[in-house]
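Chains A and B, in that order, give the protein sequences. Residue numbers 0 to 246, in numbering that gives the first Met the number 0, belong to the letters of the first sequence in order. Residue numbers 0 to 246, in numbering that gives the first Met the number 0, belong to the letters of the second sequence in order.
You may find that some hints are simply not true.
[Claimed, not checked] Every beta carbon over 10 Å from chain A, so not counted as near; a handful from chain B, in silico:
1. H30
2. E100
3. E104
4. N122
5. L123
6. Y129
7. S139
8. N213
[To be verified] Reference excerpt, derived from the structure (chain A facing chain B, CB under 10 Å, subset only):
9. I8
10. V70
11. V71
12. N73
13. K101
14. S139
15. G212
16. P216
17. R225
18. T228
19. I231
20. A234
Think of the hints as simulated: they come from the structure by calculation, not from any bench. From a predicted model like this one, the values you see are computed outputs, not experimental measurements. Glycine included, every Cβ here is placed at the ideal spot set by N, Cα and C.
Protein chains: 2
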Amino acid sequence: MLMKSPKKIRIFLDRPLKESLILDIENADFHYLKNVMRIKIEDQILVFNGVDGEWICKIKRINRDLINLEVVQNHKEQPSYEPLRCYFTPLNNNRHNYIIEKLTELGITKFTPVITDYTNTKNLNIQKLYLRAKEAAEQSGLMIVPEITEQKLLSDLIIEEFNKEIILFCDEKKNTAPPNDVLNGVKEKIVSFLIGPEGGFSDNERMNMIKLGNVRPVSLGSRILRADTAAIVAATILQITNSKAVI
Amino acid sequence: MLMKSPKKIRIFLDRPLKESLILDIENADFHYLKNVMRIKIEDQILVFNGVDGEWICKIKRINRDLINLEVVQNHKEQPSYEPLRCYFTPLNNNRHNYIIEKLTELGITKFTPVITDYTNTKNLNIQKLYLRAKEAAEQSGLMIVPEITEQKLLSDLIIEEFNKEIILFCDEKKNTAPPNDVLNGVKEKIVSFLIGPEGGFSDNERMNMIKLGNVRPVSLGSRILRADTAAIVAATILQITNSKAVI
Numbered sequence: 000m001l002m003k004s005p006k007k008i009r010i011f012l013d014r015p016l017k018e019s020l021i022l023d024i025e026n027a028d029f030h031y032l033k034n035v036m037r038i039k040i041e042d043q044i045l046v047f048n049g050v051d052g053e054w055i056c057k058i059k060r061i062n063r064d065l066i067n068l069e070v071v072q073n074h075k076e077q078p079s080y081e082p083l084r085c086y087f088t089p090l091n092n093n094r095h096n097y098i099i100e101k102l103t104e105l106g107i108t109k110f111t112p113v114i115t116d117y118t119n120t121k122n123l124n125i126q127k128l129y130l131r132a133k134e135a136a137e138q139s140g141l142m143i144v145p146e147i148t149e150q151k152l153l154s155d156l157i158i159e160e161f162n163k164e165i166i167l168f169c170d171e172k173k174n175t176a177p178p179n180d181v182l183n184g185v186k187e188k189i190v191s192f193l194i195g196p197e198g199g200f201s202d203n204e205r206m207n208m209i210k211l212g213n214v215r216p217v218s219l220g221s222r223i224l225r226a227d228t229a230a231i232v233a234a235t236i237l238q239i240t241n242s243k244a245v246i
Numbered sequence: 000m001l002m003k004s005p006k007k008i009r010i011f012l013d014r015p016l017k018e019s020l021i022l023d024i025e026n027a028d029f030h031y032l033k034n035v036m037r038i039k040i041e042d043q044i045l046v047f048n049g050v051d052g053e054w055i056c057k058i059k060r061i062n063r064d065l066i067n068l069e070v071v072q073n074h075k076e077q078p079s080y081e082p083l084r085c086y087f088t089p090l091n092n093n094r095h096n097y098i099i100e101k102l103t104e105l106g107i108t109k110f111t112p113v114i115t116d117y118t119n120t121k122n123l124n125i126q127k128l129y130l131r132a133k134e135a136a137e138q139s140g141l142m143i144v145p146e147i148t149e150q151k152l153l154s155d156l157i158i159e160e161f162n163k164e165i166i167l168f169c170d171e172k173k174n175t176a177p178p179n180d181v182l183n184g185v186k187e188k189i190v191s192f193l194i195g196p197e198g199g200f201s202d203n204e205r206m207n208m209i210k211l212g213n214v215r216p217v218s219l220g221s222r223i224l225r226a227d228t229a230a231i232v233a234a235t236i237l238q239i240t241n242s243k244a245v246i
């Protein structure tokens, strides 16, 4: 059993986990454990790797730039997650960080930044987004860290990817159907959704997407939601509709 | 008709609106219109007051510390909003600002900050929260500005207010029923929900609330949601369940 500690520490490590292994912890994780969480020898923490489940580990040694962890005991089996993908556009003031954080908590498994005609912010730092997702996964108890792909042009996605699956296209500018109606028609199939930039989609983009047939426009209501609000609302609605276990 | 402008400017004014009135705009609204939006004479803006609907107004004069607006024409009738109240606890790093902003977009009509046993942050600036709600209402097209009441102690609310209506109590620490089950049982009646602090509720608080009978604990799922995420998820679920028009 995990001993009670004032703060339950939980980290993701991208390496195999099994009983009795000794792991070297360096760099960012070392800094987090030693300087932020002020961990001591014999403390227990939780470690997951997205494959082998969650393990109780014990701190064996703390050096100047290295911590040794012993993998002690399995604590939670690895679940499988339904794939749920969010295509989002970079936002002013890095508000897309918020999309990554909140949607990781809500179980989105893959994010793809998309550059559209009206995207203001470009050149995202994908590594920074990944670290945000990792931190959110560690804190929320999620057993994987979502994938963050390289950013893509919407026009390329329309040609290469958007014709392969049903995609919910959150379009605030048009009087489209409410999500319940759309989702009831295609239940179990929707695994991706697209959130636009502040300025919405261009007429050209809208036309090219709707032509595909499997891109379903959906309205999130009469009010104007900011893009980051719309992302959380869409993820919540999809999670409620797609599975019996709410969120 | 409202003439097309590069930025659609929309402000809330807490005073009567009817055709031909001339309004003096001073202080914060003056600064916003003149210095932030760089408004010019003859420009048109939208003004609402939460009672008389939304009006097209024309800028008549811009002085050093005063703008004169003429109320020209009604643009939208005043709708009535279903009351939906959020009790929330102040959060670290002012993340409660985010609750105010997002939940205003989602149509929450009343907010009450609540001090619980595990609330870390106290002494909220209610006026600042109100300004945040006002800005979110102006930008989202909402036709009212939600009310923000003074902060209250949870123990006082349990005695004075919580026995008057059904309250959804978002309790992440317990394996309670998913919201759909709870909401299906009491549909149409739930008009308030309570979001806890990061540390959750104390056993004592939990017990005193459940004793009331009309406080219904609900689980937002297996993962640990941050309080601000939980607030948006709860508001989305309530809006979907309570009304046919999604959000």
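Status of the hints after comparison with the structure:
At the 10 Å boundary, the C-beta of B/H30 stays outside the reach of chain A, the nearest C-beta of that chain being 21 Å off. For B/E100, the non-interface assignment is contradicted: its Cβ lies about 8 Å from the closest Cβ of chain A, within the 10 Å cut-off. Not every Cβ of chain A is farther than 10 Å from the Cβ of B/E104; the closest lies at roughly 5 Å, contradicting the non-interface assignment. Distance to chain A confirms B/N122 as a non-interface residue, since its nearest Cβ pair spans about 25 Å, more than 10 Å.
Non-interface call for B/L123 relative to chain A: holds, since the shortest CB-CB distance, roughly 21 Å, exceeds 10 Å. Annotated as non-interface, B/Y129 keeps its C-beta farther than 10 Å from every C-beta of chain A; the closest such distance is 19 Å. Not every Cβ of chain A is farther than 10 Å from the Cβ of B/S139; the closest lies at roughly 5 Å, contradicting the non-interface assignment. The claim that B/N213 lies off the interface holds: its Cβ sits roughly 22 Å from the closest Cβ of chain A, which is beyond the 10 Å cut-off.
Because the beta carbon of A/I8 sits about 14 Å from the nearest beta carbon in chain B, more than 10 Å, this interface hint is broken. Among the interface hints, the one on A/V70 is violated; its C-beta lies about 23 Å from the nearest C-beta in chain B, farther than the 10 Å criterion. The closest approach between the C-beta of A/V71 and any C-beta of chain B is roughly 23 Å, which is over the 10 Å cut-off, so the hint fails. Evaluation of the A/N73 hint against chain B yields a violated restraint, the C-beta minimum of about 18 Å exceeding 10 Å.
Here the hint on A/K101 is kept, as its CB sits about 5 Å from the closest CB of chain B, short of 10 Å. Annotation: interface hint on A/S139 holds; nearest CB of chain B at approximately 5 Å, less than 10 Å. The interface hint given for A/G212 is broken, as the beta carbon of that residue sits about 23 Å from the closest beta carbon of chain B, more than 10 Å. With its C-beta approaching chain B no nearer than about 14 Å, A/P216 sits outside the 10 Å limit, and its interface hint is violated.
At a threshold of 10 Å, the smallest CB-CB gap from A/R225 to chain B is about 7 Å, leaving the interface hint in force. For A/T228, the suggested interface contact is upheld, since its CB lies about 5 Å from the closest CB of chain B, less than 10 Å. Taking 10 Å as the C-beta contact cut-off toward chain B, the hint placing A/I231 at the interface holds, the least distance being around 5 Å. Proximity of A/A234 to chain B holds as hinted, the smallest CB-CB distance being about 9 Å (cut-off 10 Å).
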